[in-house]
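S.K.: Got chain R sorted already, so can you dock chain B onto it with the hints?
Chain by chain, the residues run as shown.
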Amino acid sequence: MYNPYSLEGKIILITGASSGIGRAVAVECSKLGAKVIITARNNERLKETYRMLEGDGHLLFTCDLSNPDAIVQLVSEIPIINGMVCNAGTNKMIPISFMKYENIQEILNVNTVAPMLLLKEVCKKKKLSKGASVVFTSSMAGVGAAATGNGVYTASKGAISSFLKVAALELAPRKVRVNAVCPGMTRTPMIYDDNVQDEELKKDMERYPLGRYGEPQDIAWAMIYLLSDASTWVTGTNLVIDGGLTIR
Amino acid sequence: MELKDFIEKFAEQFDDTDASEIKGDTVFKELDEWSSLIALSVIAMVDEEYDITIKGDDIRNSTTVEDLFNAVKAKA
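One line per chain: the protein sequences are R and B, in this order.
Letter by letter, the first sequence follows residues 437 to 684 of my numbering.
Letter by letter, the second sequence follows residues 41 to 116 of my numbering.
Derived from the structure by calculation, the hints contain no laboratory data.
Possibly wrong hints are sitting among the right ones.
[Claimed, not checked] Under the rule of at most 30 angstroms between Cα atoms (straight-line distance), these lysine-lysine pairs were calculated in the DSSO-like manner:
#1 R:467 with B:63
#2 R:639 with B:44
#3 R:483 with R:556
#4 R:556 with R:467
#5 R:528 with B:115
#6 R:536 with R:483
#7 B:95 with R:563
#8 R:528 with R:556
#9 B:49 with R:639
#10 B:95 with R:528
#11 R:528 with B:69
#12 B:69 with R:536
#13 B:95 with B:63
#14 R:483 with B:44
#15 R:528 with R:638
#16 R:467 with R:566
#17 B:69 with R:483
#18 R:483 with B:113
#19 B:95 with B:49
#20 B:49 with B:115
#21 B:95 with R:638
#22 B:44 with R:638
#23 B:63 with B:113
#24 R:467 with R:562
#25 B:44 with B:95
Predicted, not measured: the structure shown is a model, and the values here were computed from it.
Excised from the complex, chain R in its bound form (with noise of 0.2 angstroms):
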């Protein structure tokens, strides 16, 4: 059957796979034909998503790549492969007055700094393939939509959102390509802010034009295009998908 979008034949590497987005990419991409190499901090949750996937000779690796020596593990134990999504990601929200040093290096740790050493490592290590698909999970945050309290994460994510142009710029002489994704809100856990009440997320959805907040397949699926051979000649973009809130 034709179907440009096949990862048939890929090895895809993706974090923060014990829920949200990133499990609901690693389905697709099984689905879709990929081994894929799950990684995340959450043993438990993390084993859900393996049992979730289709096909087999997927990898599972539990490890929490805020530790720099576990991103130097993870890379010398796999295999070279196709494909990575770096999505592992956290927040919370913090307005200025109330912002700690500690706050922001968790912050920045998870969501910027790992990604760009797991970047370098497998690099390094000759990882990825000849004409390999780099994707960061970035925001809608991360190219310029503001919100109250959320100044640490948009920073993070503004970082890797600039990061990926120079990332798509120097490894291009490989064929291999670097873009991310900038989601609106999406529902997976980590949107359900211990700090956030519910009823703030309900007017916040009517701002959608779509009508709705976004679910982690919208997202999965975008990654998909982005880890295909259908976007061969695609680098250096942050591909938005909010559901056409920064339209407004």
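M.R.: Below, chain B without anything else, positioned relative to chain R:
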């Protein structure tokens, strides 16, 4: 933990609302200046000052400043 002290710290999260307007029986969500940012600030203030984690739901379920104080106190 004292109610008076809590009210003072709660009032500090506002810029345009005079501290004298905020008392134990104030229905804080009806204050003109009340906003989601102030809600986040109150949560952060409770964490910083009392080392107690409250949630958005605790704010939602409180009507007066004293209700919120009691919710915080219950977690101490």
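S.K.: Decide, hint by hint, whether the structure agrees.
M.R.: Going down the list of hints, with the structure as the test:
The suggested pairing of residue 467 of chain R with residue 63 of chain B is violated, with an alpha-carbon distance near 59 angstroms, which exceeds 30 angstroms. Only pairs whose Cα atoms come within 30 angstroms are accepted, and residue 639 of chain R paired with residue 44 of chain B is rejected, the gap being roughly 33 angstroms. Between residue 483 of chain R and residue 556 of chain R the alpha-carbon distance is near 27 angstroms, which keeps this suggested pair within the 30 angstroms criterion. Proposed proximity of residue 556 of chain R and residue 467 of chain R is supported: the alpha carbons are some 29 angstroms apart, at most 30 angstroms.
Pair hint residue 528 of chain R plus residue 115 of chain B holds up; C-alpha atoms about 21 angstroms apart against a cutoff of 30 angstroms. Only pairs whose Cα atoms come within 30 angstroms are accepted, and residue 536 of chain R paired with residue 483 of chain R is rejected, the gap being roughly 34 angstroms. In summary, the hint linking residue 95 of chain B to residue 563 of chain R is not supported, as the alpha carbons are separated by about 43 angstroms, beyond the 30 angstroms threshold. Straight-line distance between C-alpha atoms of residue 528 of chain R and residue 556 of chain R comes to about 27 angstroms, which keeps the hinted pair within the 30 angstroms bound.
Restraint check: the Cα-Cα separation between residue 49 of chain B and residue 639 of chain R comes to about 28 angstroms, which is no more than 30 angstroms; the hinted pair holds. Restraint check for residue 95 of chain B and residue 528 of chain R: satisfied, since their Cα atoms lie roughly 12 angstroms apart, inside the 30 angstroms limit. Taking the CA atoms of residue 528 of chain R and residue 69 of chain B, the gap is near 23 angstroms; set against the 30 angstroms cutoff, the hint holds. Taking the CA atoms of residue 69 of chain B and residue 536 of chain R, the gap is near 27 angstroms; set against the 30 angstroms cutoff, the hint holds.
About 22 angstroms separates the Cα atoms of residue 95 of chain B and residue 63 of chain B, which keeps this hinted pair within 30 angstroms; it holds. Taking the CA atoms of residue 483 of chain R and residue 44 of chain B, the gap is about 50 angstroms. The hint is violated against a cut of 30 angstroms. Of the supplied pair hints, the one linking residue 528 of chain R and residue 638 of chain R holds, its CA atoms being roughly 19 angstroms apart against a limit of 30 angstroms. For the given pair, residue 467 of chain R sits about 23 angstroms from residue 566 of chain R by alpha-carbon distance, which is consistent with the 30 angstroms threshold.
Note on residue 69 of chain B and residue 483 of chain R: the hinted pairing is violated, with a Cα-Cα distance of about 43 angstroms set against a maximum of 30 angstroms. At most 30 angstroms may separate the alpha-carbon atoms for a hinted pair to count; residue 483 of chain R and residue 113 of chain B exceed this at roughly 39 angstroms. A threshold of 30 angstroms between alpha carbons decides the hint, and for residue 95 of chain B with residue 49 of chain B the separation of about 17 angstroms falls inside it, so the pair holds. Distance restraint check for residue 49 of chain B and residue 115 of chain B: the Cα-Cα separation of roughly 18 angstroms lies within the 30 angstroms cut-off, and the hinted pair is therefore satisfied.
Among the hinted pairs, residue 95 of chain B with residue 638 of chain R is consistent with the structure: their alpha-carbon atoms are about 17 angstroms apart, no more than 30 angstroms. At roughly 34 angstroms between alpha-carbon atoms, residue 44 of chain B and residue 638 of chain R are farther apart than 30 angstroms, so this suggested pair is violated. At most 30 angstroms may separate the alpha-carbon atoms for a hinted pair to count; residue 63 of chain B and residue 113 of chain B meet this at roughly 17 angstroms. With a C-alpha separation of about 27 angstroms, the suggested pair residue 467 of chain R and residue 562 of chain R falls inside the 30 angstroms cut-off, and the hint holds.
Simply put, residue 44 of chain B and residue 95 of chain B have alpha-carbon atoms about 22 angstroms apart, close enough for the 30 angstroms limit, and the pair holds.
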